[in-house]
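**Student:** Here is how the chains run, residue by residue.
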Amino acid sequence: MNELELGWWGVLIAVIGGAIRISTPYLFVSLGETLTEKSGRVNLGLEGTLVMGAMSGFAVAYLTGSPWLGVVAAGIAGSSLGLLHAAVCNLPRVNDIAVGIALFLFGTGLAMFLGKPFIAPRGPRLPSLELGSWSAYPSVRAALEINALFIVGLILAPVLYWGLRHTRWGLVLRTVGDSADAAHALGYSIERVRTLATMAGGFLAGVGGSFLSLYYPGNWNEGLSSGQGLMAVALVIFARWNPLSCFWVSLLFGGAGALGPALQSVGIAQGYYLFNAAPYVLTLIILTWSSSTRHRLIGAPSELTINR
Amino acid sequence: MIPLIEARGLSKSFGAVRALDDVWVQFAPGSFHAVIGENGAGKSTLAKCMVGYHRADAGEIVIDGTPHPMEHPQDAHAFGIGLVYQHFTLVPQMSVAENLVLGRTDLPPIIDWKAERDRIDAFQRTMPFALDPEAPAFALAAGEKQKLEILKHLYLGRRFLILDEPTSVLTPDEADLILGSLRQMAAQGVLSVVLITHKIREVLSFADVVTVMRDGRKVGEGAGLQRHELEQMMFGRAISAPPASRSASAPGPVYLQVNDLSALGDRGAPALAGVSVEVRRGEIFGIAGVSGNGQRELVEVLAGQRVPESGEVRIGGAPYRCTRSEMRTRGVHLLPEEPLRNACVRTMSVADNLALRVFDVRPNAARGLVRRRVLDRHAEALIRSYGIKAASMDAPVETLSGGNVQRLVLARELSERVSLLIAQNPCFGLDLAATIEIRAQIIAARNAGAAVLLISEDLDELLDLADRIAVMFEGSLVFETSCARADAHEIGRHMIGRQEAHALS
Amino acid sequence: MLSAGPWRTIEAAAISIGAIVVALVVYGIFIALNGIDPIAVYRVLYLGAFGTLFSLEATLTLAAPLMLTALCTAIPARAGLLVIGGEGALVIGGLAAVLAGVSAGGIPRYLGTVLVLLAGALAGGAWIAFAGALRLWRGVNETISTLLLNYIAIALLNHLISGPIRDFGETLKATSWSIPAPFRIGTLPYLNVHWGLAFGIVSCVVLWFVMRRTTFGFAVAVLGGNIRAAQLAGLATARLSLAACIIGGAAAGLAGAIEIVAVHGAASESLVVGFGYGGILIAFLARQNPLAIIPVAILVGGISASGGLLQRRFDMPGAATAVLQGCIFITVLAGNTLYGRWRPSRA
Chain A
1 MNELELGWWG
11 VLIAVIGGAI
21 RISTPYLFVS
31 LGETLTEKSG
41 RVNLGLEGTL
51 VMGAMSGFAV
61 AYLTGSPWLG
71 VVAAGIAGSS
81 LGLLHAAVCN
91 LPRVNDIAVG
101 IALFLFGTGL
111 AMFLGKPFIA
121 PRGPRLPSLE
131 LGSWSAYPSV
141 RAALEINALF
151 IVGLILAPVL
161 YWGLRHTRWG
171 LVLRTVGDSA
181 DAAHALGYSI
191 ERVRTLATMA
201 GGFLAGVGGS
211 FLSLYYPGNW
221 NEGLSSGQGL
231 MAVALVIFAR
241 WNPLSCFWVS
251 LLFGGAGALG
261 PALQSVGIAQ
271 GYYLFNAAPY
281 VLTLIILTWS
291 SSTRHRLIGA
301 PSELTINR
Chain B
1 MIPLIEARGL
11 SKSFGAVRAL
21 DDVWVQFAPG
31 SFHAVIGENG
41 AGKSTLAKCM
51 VGYHRADAGE
61 IVIDGTPHPM
71 EHPQDAHAFG
81 IGLVYQHFTL
91 VPQMSVAENL
101 VLGRTDLPPI
111 IDWKAERDRI
121 DAFQRTMPFA
131 LDPEAPAFAL
141 AAGEKQKLEI
151 LKHLYLGRRF
161 LILDEPTSVL
171 TPDEADLILG
181 SLRQMAAQGV
191 LSVVLITHKI
201 REVLSFADVV
211 TVMRDGRKVG
221 EGAGLQRHEL
231 EQMMFGRAIS
241 APPASRSASA
251 PGPVYLQVND
261 LSALGDRGAP
271 ALAGVSVEVR
281 RGEIFGIAGV
291 SGNGQRELVE
301 VLAGQRVPES
311 GEVRIGGAPY
321 RCTRSEMRTR
331 GVHLLPEEPL
341 RNACVRTMSV
351 ADNLALRVFD
361 VRPNAARGLV
371 RRRVLDRHAE
381 ALIRSYGIKA
391 ASMDAPVETL
401 SGGNVQRLVL
411 ARELSERVSL
421 LIAQNPCFGL
431 DLAATIEIRA
441 QIIAARNAGA
451 AVLLISEDLD
461 ELLDLADRIA
471 VMFEGSLVFE
481 TSCARADAHE
491 IGRHMIGRQE
501 AHALS
Chain C
1 MLSAGPWRTI
11 EAAAISIGAI
21 VVALVVYGIF
31 IALNGIDPIA
41 VYRVLYLGAF
51 GTLFSLEATL
61 TLAAPLMLTA
71 LCTAIPARAG
81 LLVIGGEGAL
91 VIGGLAAVLA
101 GVSAGGIPRY
111 LGTVLVLLAG
121 ALAGGAWIAF
131 AGALRLWRGV
141 NETISTLLLN
151 YIAIALLNHL
161 ISGPIRDFGE
171 TLKATSWSIP
181 APFRIGTLPY
191 LNVHWGLAFG
201 IVSCVVLWFV
211 MRRTTFGFAV
221 AVLGGNIRAA
231 QLAGLATARL
241 SLAACIIGGA
251 AAGLAGAIEI
261 VAVHGAASES
271 LVVGFGYGGI
281 LIAFLARQNP
291 LAIIPVAILV
301 GGISASGGLL
311 QRRFDMPGAA
321 TAVLQGCIFI
331 TVLAGNTLYG
341 RWRPSRA
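Those protein sequences? They're chains A, B and C, same order as listed. The numbering used here applies: residue 1 is where the first sequence begins, and numbers increase by one. The numbering used here applies: residue 1 is where the second sequence begins, and numbers increase by one. The numbering used here applies: residue 1 is where the third sequence begins, and numbers increase by one.
The following block holds chain A by itself, in its conformation from the complex (with noise of 0.2 Å):
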């Protein structure tokens, strides 16, 4: 049978293969990003720190032909940049949400000018699951294609829900985040909390990073990231810090990532761009839509800025 005849469903197949596939950077940067929220603190940086996990993650990857060193190495990267961004807000009087914005100029330029001799090679690649083997389509057995980290995600977000409640971790990091009042007369340090909380919000960051170089696309180049670290924390107030509702908004936000590239499949070629442009603008309705001025958000830390 003829690839073209599946027409639709094969728009569906890609919808559903992609949005497992572009889910998986939205997934870890917003369990990232939740971490860090449920501390009081916002990180607009994570779209620099996802350039620079994907750079050094390929960059490690191809020096060493280990993929999961790579994805180590990401993490760590952008943990620093997490340690960076926690060092700076800590200092009174700043603004984190500046401060986010300098990391994620910082972080691209540096990635940038790290990785050039990077641009060309092909680096190894993550491993996955064949779902779809049984399928005479290419296209489907792409779409069943489920990459590694995706199954590491999957199993992430659960535990991160589980911790939150049943953990002391958990409940230190809610406690620093919701009053700061509290935590400071419990005795908890609010800076050690949030630093911790940041870093490891930017590891998860920087292992999302990894995966669009070491999976899909596949390679590194200038052009890698296109505002996915941002839409992240879009993503995360949507999802009311809550890390299981994460994992069905990043397949959300994948599914409608993937619908320019499964719509071209079909021969809708036009307004490719207009497509591209999707995921920004159902993030921009999200918002508008989970936002009020008459309350705060409901679930949002009390202590993070952004929520007035």
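Simulated from the structure, these hints should not be mistaken for lab results. Some clues are possibly wrong.
The following label-pair restraints were derived from C-beta to C-beta distances [claimed, not checked]: (1) G268(B) - G35(C): 50 to 60 Å; (2) A238(C) - P270(B): 17 to 27 Å; (3) A236(C) - S205(B): 45 to 55 Å; (4) S276(B) - L83(A): 52 to 62 Å; (5) G268(B) - E130(A): 32 to 42 Å; (6) D431(B) - L83(A): 16 to 26 Å; (7) L4(B) - A12(C): 47 to 57 Å.
Output of the computed footprint for chain C on chain A, the stretches with three or more beta carbons under 8 Å from beta carbons of chain C [claimed, not checked]: (8) 12–23; (9) 158–168; (10) 229–236; (11) 278–285.
For lysine to aspartate or glutamate, the following DMTMM-like pairs were computed, each having C-alpha atoms within a straight-line distance of at most 20 Å [to be verified]: (12) K199(B) - E38(B); (13) K116(A) - D315(C); (14) K199(B) - D215(B); (15) K173(C) - E130(A).
C-beta: ideal position from N, C-alpha, C; glycine also.
Take the given structure of chain A and dock chains B and C to it, following the hints.
**Tutor:** Coordinates of chains B and C only, in the frame set by chain A:
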């Protein structure tokens, strides 16, 4: 065994302000020891130094004869010392159970919630008051929050409890209940209680021993002291100054009319549920109530800081929309609570803050341009006539002390003709001199024919100043009386309402 | 003892300069770790920015749009909004300029130029005002929304220049239709820098005056200082916020229109070179003061201008100057913590 705790020679300064000056106090085990003084006397600082929230500059804390450095609240916790702060230290989005468990120093890495719940239930059965463990902290009423703060310490086995002005958010009856229970536990040898307060009534009713502080120093101590002795020590004279007199003239026409006002609070829950008020010219209408029953939201609506859901505000007979020109033409002036947060721009200068109402009208402005020199002259005059102490008129307003900030706002608001004055907790946290000044100004405005809406959590203040008093409870006015027929206990009962949510049995 | 006013200016300048110095040192260490002599790099940075007439002209050409995009962050910041949509507003301004220019074929040249510039400014103003409106009516955080709008604007640009308004005669890269040649503007006398520089400087001076001396500027300062105090004083906070957004957006839109009218003549991906993001850095370095934006924009423009020379001399990637700018941004923000430490004593 409850330890014997002493403060020896404690001193603490904040910049140029000497908050504690060589204070020596001994707290016997099982006693109910009150520390009394007016605002700014240093009692709160003493408490915070004793638990390590602040580090004292000099002196030491001695426990059972051995000095121990208190650098951290956790140092105090190790000895079973706990401080119930003036502000709430609850985590809003956590439940009562989570808040209780949070303070445990031996919190295991993984929490077994079933076991914890059992422990909490068993614990609550031994307490004179109890709360629903699943209720989220942000949904508790102020009185219940206070109870939770106390329960937190008791749950963690603290035997030496310091309470910093615990009853400021409670009705007289609630205060009696909580203090009475604590006194009982002290008498049974279960606890030592240190009560930090400025209310002589509480000291006389519950304390075994009283320490009196003034200006950071201990000025008196003893058991069985009488009211006039305490007053003498606290203020240096026997009787606190009498309230300024209100002129006897009958009130004029209705000037402020609030009709069935409803509004949502910060978290989307209803805060005002159909409030209706009428204030006449030449009278002070007081609204009493425990904080958290909608007073803040009411003032915010009147100040244009909150948009109501329904209802109407009318001033001078016409609808009021909080625009600048309406404020000017109808003489509306506001003294909100926490003036630095609500009525001033921290980083702008004293002169600019004084000009907030008038910077765009002649002669301060011409053809859209601000005339700096005219503004400065305006500021100078106000600084002089109201006695605002500031380094210079260009100093940022955040460098002023609390009393001077309030004077600044007063100067700005009362220096023009006032037709309607809305004041909220105007004397909160101020020393006696400033308090007397401000109350005198409020009465003067009333005598001059202004309509005054006075919202206060200090019932004594209302009884002194107001012509009529109403009680605000859960977003609406539930009771009204004239000053002549006012009975503090009856008012107090309305402040708490008939049923208390989230309490068990 | 200095009175508060001049003291604050000195303090601000000292801290900003200190931050730049620290950033340069850190950058020097970074360069050294990459095996290149930092002193040589400093020298080339200077050379490429101000060393020759040619480099000075390049610096000023870059500074012109940077001044305007910096205003896009600085003016809303004074009203308490953190807007980072300069990049998007510039792009939209450029698109509007092209569309206006192309549809106004026959009109006299000066009128045409004015129309094109106006179209760019209005479009940019509307773009940011949209974000401002979302903030006012739905509480959407303006930093996130303007950042998203940046990406949307770029997508819109790409879409339009690849089809609907494409000039298929241009084969090198996707380019839009060109505006009529008479509408283009030339260079300043004696200096090979286009008139956009004059627009930039004049805008900064005018807005500084407006913010400092008018009742509008005072009201915006109150709003930005404490919205509750502004509401209490009965100020029309919604209108003030929107006005600030429109002004900021118009500045960035004007920058986009100038790029069309003075540099490219048509819209293409050359509109997306990071002027918007550079403007954010400048606004923070200049502490949101429109007058200070002028020298700071020249400085940052200089750094960008020397990028090419750095690439050629040391074989460094194009992102070399971006790293330096990022360092400066971080040190400036960290330096914010030092404000008020050396204040005249309290009352």
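**Student:** If a hint holds in the structure, say so; if it doesn't, say that too.
**Tutor:** Here is how each hint holds up against the structure:
no.	hint	in the structure
1	G268(B) - G35(C): 50 to 60 Å	58 Å, holds
2	A238(C) - P270(B): 17 to 27 Å	24 Å, holds
3	A236(C) - S205(B): 45 to 55 Å	52 Å, holds
4	S276(B) - L83(A): 52 to 62 Å	56 Å, holds
5	G268(B) - E130(A): 32 to 42 Å	48 Å, violated
6	D431(B) - L83(A): 16 to 26 Å	46 Å, violated
7	L4(B) - A12(C): 47 to 57 Å	55 Å, holds
8	12–23	violated (count 0)
9	158–168	violated (count 0)
10	229–236	holds (count 4)
11	278–285	holds (count 4)
12	K199(B) - E38(B)	9 Å, holds
13	K116(A) - D315(C)	11 Å, holds
14	K199(B) - D215(B)	17 Å, holds
15	K173(C) - E130(A)	40 Å, violated
Hint compliance for this structure: hints 5, 6, 8, 9, 15 are broken, all remaining hints hold.
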